[in-house]
Each structure stands twice: as C-alpha cells, then as structure tokens.
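Asker: Chain by chain, the residues run as shown.
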Amino acid sequence: MILRLIKQGEITIIRRVQNAFFALLLSLFILFPFYWMLVTSVKVKPDVFAIPPIYFPMRFTIKSFLYFINQGAPRYILNTVIVAMGTLLFTLSLAVPSAYGCARFNFPGKRKFLSGAIITQMFPGVLLIVPLYRLMKFTGLLDSYFSLILANTTIVLPFSIMILFSFFKELPVSLEEAALIDGCSRWKALLHIALPLSLPGLIATATYIFIVAWNEYMFAVTFISHDELKTLQVGLAGLKTLYANTWADILAGAVIAAVPVILLFLIFQRFIVKGLTAGAVKG
Amino acid sequence: MTRGGPLGSSEILATYLYKTAFCDFRVGTACAIGVIMFFIMVIFAFSYSRLYRIEE
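Note that the protein sequences, when read in sequence, are chains V and U.
Counting from 1, one number per residue, gives the positions in the first sequence under my numbering.
Counting from 1, one number per residue, gives the positions in the second sequence under my numbering.
Read the hints as simulated data drawn from the structure, not as lab findings.
Yeah, the Cβ is synthetic: ideal placement off N, Cα and C, and Gly gets one too.
Treat the hints with caution; some may be incorrect.
Unchecked claim - The calculated label-pair distances, taken between Cβ atoms and stated as ranges, are:
| hint | chain 1 | residue 1 | chain 2 | residue 2 | range |
| --- | --- | --- | --- | --- | --- |
| 1 | U | Arg50 | V | Lys274 | 27 to 33 Å |
| 2 | U | Gly28 | V | Gly125 | 33 to 39 Å |
| 3 | U | Tyr48 | V | Leu263 | 46 to 52 Å |
| 4 | V | Ile11 | U | Arg50 | 38 to 44 Å |
| 5 | V | Ser174 | U | Gly28 | 54 to 60 Å |
| 6 | U | Met41 | V | Leu135 | 18 to 24 Å |
| 7 | U | Tyr48 | V | Lys240 | 35 to 41 Å |
| 8 | V | Gln18 | U | Phe25 | 52 to 58 Å |
| 9 | V | Ile30 | U | Ser47 | 29 to 35 Å |
| 10 | U | Phe25 | V | Thr61 | 38 to 44 Å |
| 11 | U | Tyr48 | V | Pro33 | 26 to 32 Å |
| 12 | V | Gly140 | U | Arg50 | 40 to 46 Å |
Said to hold, decoys possible - To give a feel for the contact side, a few chain V residues facing chain U, derived at Cβ under 8 Å:
| hint | residue |
| --- | --- |
| 13 | Gly72 |
| 14 | Ile118 |
| 15 | Phe123 |
| 16 | Val126 |
| 17 | Val130 |
| 18 | Leu132 |
What the hints assert, rightly or not - Residues on chain V that point at chain U, a partial pick, calculated with CB under 8 Å:
| hint | residue |
| --- | --- |
| 19 | Pro46 |
| 20 | Ser115 |
| 21 | Met122 |
| 22 | Leu127 |
| 23 | Thr222 |
Looking at chain U on its own, in the form it has when it is part of the complex (with noise of 0.2 Å):
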C-alpha cells in the first residue's frame, strides 16, 4: 500500500526481502533476511505446536 515508505518506515520483513533480492540484486543480504524471519517464526512454530497437540 505504502510501497515500505516514508523512508522504509512501514517496511515488513517479507517486501523487504523480495526488494533486496529482485529489485537491488543483494541476494546475500536477502538470504540473510530471509534466515531472521525463518528463526522469528521458528519460535511461534513451536510454540504453536507445544500448545496444539495433533492427536493420534
């Protein structure tokens, strides 16, 4: 909606990394972003899976 403007200040993880990939061509930089927001939702994942037992 904002495009992550003024100044990146409305800028989420997910757009950042697809314009850091595709649009800078920091494909480092944007793995790297992409191993952050993979440990941040490590951590509701199992969180989410300690609170919700599959039953058998």
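Just chain V, same shape as in the assembly (with noise of 0.2 Å):
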C-alpha cells in the first residue's frame, strides 16, 4: 500500500517535472524574442550588431526612444489611440444590440445570422482590401481617421457579437422581465441591467477590439497616406531603412507599441479568457 503510494507520488513528481520543463521551453521560445525587443531597444549602437551577440549588455542608452520620439512617434501614438478607441466605441455599439438582440428574441435568419457571424471572420482582411479600397475612395474616406475605424470594425464586429452574444445568453431572462413588468423600456432593461450584469463580457469585447485595432497594419499602411494621420505601426515600419543601422531604433518602438497592448492583456487577462471560453463552449 505505502509502496504504491510512493510509487505514485514518484510518478506525478515526474510528471509535474516534465510539465515544468515543456512549459519552461515553451515559454522560452515565446519570451525570448520580448527579452530580446527590450535588450535590443536599449543596446548602445555598436552592440547590437556585435558577434557575437551580445544578451547582457553592460552599457545602457535611450537614445533610441528619443530618436524614435523625434521622428514623430508621439503623433503616430495619438493617431492610434484615436483609431482603436473610435473602433472600439464604434463596434460596442453595433455589437452590443445585435447580441442582445440574438439572445433575447427569435426572428427569421436568426441562426444564419449568427452562423455568418462565425464564418466570416474566418475569411482574412487581405481579400476585402482591394474593394474597400475602392469603397473608401468612392466615398472619399481614403486618408481619414474613420476609413481606418470603419475598416477595422468590419474585421472585429463578427467577433464581438459572438463573445457578446454568449454573455448575454447566460444571464437570466427573469431579471430582465422583471424590469419589463415594472416599466422599462426594452433599451432600458438592456442598459441598466443586461450590460452592468455581463461587465466581464463587455470587458473582454472592448480588450479584443483595443487590440486589434492598436495592431492593425494593412489597412493603416494602405489607406493612409498622409504623414501626419500615420498610425503608430505604419510609423514602425517606416523606420526601416536600406542602409543605415536603425535596429535598435525599430526595437525602441516595437516597446512603445507592444507595451500598451501587454499591460491591457496583463490587467484584463481574467476577463479575456473568460470571455474567450464562454464564446468557444456555448457558441
């Protein structure tokens, strides 16, 4: 008896050992090439080309952020915030009464609807680039703010209805009619009740949205062409250059860019993952 206890005890030490070391791995694999963005982004010019390469280095400088600074970065930033949170309060707006709207009533095409919610962000943002564009110069959004906004919520707006959708599903109807009987409006019911309710949800939604729109490119590098509405991604990449050494300068940014998208992750991941599990086990 002791001796399968033992036995046993030995296994899962064994197996907790593996786990580590396969988790230890991965994580390596994952948070080297962080380590090395930061490393690189403070590494004095000569270092970071050196060989070998250098992955502790003694001398420290932030001229790459100033530089970076310099060549407009705190607009490229401005254009960016000004984007993702158009995107974003543009996409909870449309998200938030189509899902409650798929939760709480039934109507013909109702699972078409939502089916079609699920296929096309399946499709990739490359395929609608050339009519978008069409469309935006068409309309004569091209160089503006909301041609990026737009755009960007077409991509996230199946999404959102999705994770919403399931929200709004899990919470109880009787709540809601309650508040019927007693005389609120269906808006009513929907905003002082099911979105304070489903907070975690709508968390989640806006986190995703945020993201997505903070990291979006292409349609940023095909739109815009204006230098002072360049997001701060197009701004990234146009730090590229053919002959000068400007890693360290595109690693300084690659930190201002990433640093805002990882501390939302890191201060919403509980809602994140939440959001992310309802959507995948109700559907």
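If you follow the hints, you should be able to join the two separate chains into one complex; please do so.
Answerer: As structure tokens, this is what we get:
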C-alpha cells in the first residue's frame, strides 16, 4: 500500500517536472523575442550588431527611444489611440444591440446570421482590401481616421457579436422580465440590467477590439498616405531604411507599441480568458 | 519574413494579393486572386459550420 503510494507520488513528481520543463521550454520560445526586443532597444549602436551577440548588455542608452519620439512618435501614438478608441466605440455600439437582440428575440434568419458571424471572421482581411479601397475612394474617406475605424470595425464586429451573444445568453431572462413588468423599456433593460451584469464580457470584448485595432497594420498602410495621419505601426515600419543600422530604433518603437497591449492584456487577462471560453463552449 | 523569395517560392496567397494590387497595381488580377482565396475559404468555412452547430 505504502509502496504504491510512493510510486504514485513519484510518478506525479516526474510528471510535474516534465510539465514544468516543457512549459519552460515553450515560454522560452515565446519570451525570448520579447526579451531581445527590450534589450536591443536600450543597447548602444555598436552593441546591436556585435558578434558574438550580446545577450546581457553592459552599456545602456535611451537614444533609440528619443530618436523615435523625434521622428513623430507622439503623433503616431495619438493617431493609433484615436483609431483604436473609435473602433472600440463604434464596434461596441453595433455589437451590443445586435448580440442582445440575438440572445433575447427569435427572428427568421437568426441562425444564419450567427453562423454568418462565425464564418465571416474566418476570411482573411486581405480579401477585402481591394474592394474596401475602392469603397473608401468612392466615398472620399481615403486618408481619414474614419476609413480605418470603419475597416477595423468590419474585421472585429463578428467576433465581438459572438462573445457578447454568449454572455447575454447566460444571463437569466427573469431579471429583465421583472424590469419590463415594472415599466422599463427594452433599451433601459439592456442598459441598466443586462449590460452591468455582463460587464466581464463587455470588458473582454472591449479589450479584444482595442488590441486588434491597435495592432492593425494592413489597412493603415493602405488607406493612409498623409504622414500626420499615420498610425504607430505604420510609423514603426517607416523606420526601416536600406543602409542605416536602425534596428535599435525600430525595437524601441516596438517596445512603445507593445507596452499598452501587454499591459491591457495583463490587467484584463481574467476577463479575456473567461470571455473566450464562454464563446467557445456556448458558441 | 522572406518577402516571398527566393523568386516567389515561399509566397503565400495573402501577400501575393497585396503585392499585385498595391505594388504592381494590377487590381483586376488581385481581385481574381481574392476570389480564388474566397472559394478555398468557403470550403473550410462550410465544413466548419457543419461540424459546429450553433446551440439555440
């Protein structure tokens, strides 16, 4: 009996060591690029391309950050924030009523609508880029914040509807029915009862939308040609030149671009994981 | 990463579409690539929605 217990204990210990080892290996693969980005952004120029590579630099400088800021980074950051916040507000204002409607009402074509929401997010954004460009040109939206907000919204809307739909579906209907009987309108029931209760879902969706809009590169590089409207990602790509050794500057920009996203994800991680799994199980 | 090189041997449809439209400015060809991509995706999308029914 005791022998068996010891044996079982040994097996679990071995398992644990194994798991820890593979987890460490995997996270090394994922974390090393981040470490390299961080470390290169504070290296002095000669150390960036030193052979053998310098993994633990001794000399530090913030010149690369200053360079990127002088190249117009504050403007780029402002543009990206405007676009991301615009996408966030626009998408939420569309996704919340639509998800709520799907969760509470029955209407013809509802299933088609929802499976459409799943299917459309499988198509890559590149497919839409030529038609969208034509459309933006036709409507005169080219070279404006709104073109990016609109394009980003088309990309994130279906998935946002799916997440919010599964959250609204989980809410007990009786709460809203009570509110309706007491004389609440549908909109009030949605705003005052359904939304506060599904706040985790809302936060998860909002974080997802913000991160996607923040990282969006393809639409930004295609639709925007004025320098003062460029987003951070496009400005970052613009740092790459043919002859100069600009990798430290690029990676300093990458740090600036990555920090908000990583912070957001760390703060709202709980909600995001919950939101995604709720979407996965309930569908 | 490899910019589709050497000689397009590692090109994927998505980057090929983008390059055709906005580097070579052959928009018609790019749209044709888009349509082909669309139909490839439709096959996967429909088999997916068959396997994964939405719960009412």
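Asker: Against this structure, judge whether each hint is valid.
Answerer: The hints, checked one at a time:
no.	hint	verdict
1	Arg50(U) to Lys274(V): 27 to 33 Å	holds, 28 Å
2	Gly28(U) to Gly125(V): 33 to 39 Å	violated, 20 Å
3	Tyr48(U) to Leu263(V): 46 to 52 Å	violated, 34 Å
4	Ile11(V) to Arg50(U): 38 to 44 Å	holds, 41 Å
5	Ser174(V) to Gly28(U): 54 to 60 Å	holds, 57 Å
6	Met41(U) to Leu135(V): 18 to 24 Å	holds, 21 Å
7	Tyr48(U) to Lys240(V): 35 to 41 Å	holds, 37 Å
8	Gln18(V) to Phe25(U): 52 to 58 Å	holds, 55 Å
9	Ile30(V) to Ser47(U): 29 to 35 Å	holds, 31 Å
10	Phe25(U) to Thr61(V): 38 to 44 Å	holds, 42 Å
11	Tyr48(U) to Pro33(V): 26 to 32 Å	holds, 31 Å
12	Gly140(V) to Arg50(U): 40 to 46 Å	holds, 42 Å
13	Gly72	violated, 23 Å
14	Ile118	holds, 6 Å
15	Phe123	holds, 5 Å
16	Val126	holds, 4 Å
17	Val130	holds, 5 Å
18	Leu132	violated, 11 Å
19	Pro46	violated, 26 Å
20	Ser115	holds, 5 Å
21	Met122	holds, 5 Å
22	Leu127	holds, 5 Å
23	Thr222	holds, 6 Å
The structure fails hints 2, 3, 13, 18 and 19 (numbered hints given earlier, in ascending order).
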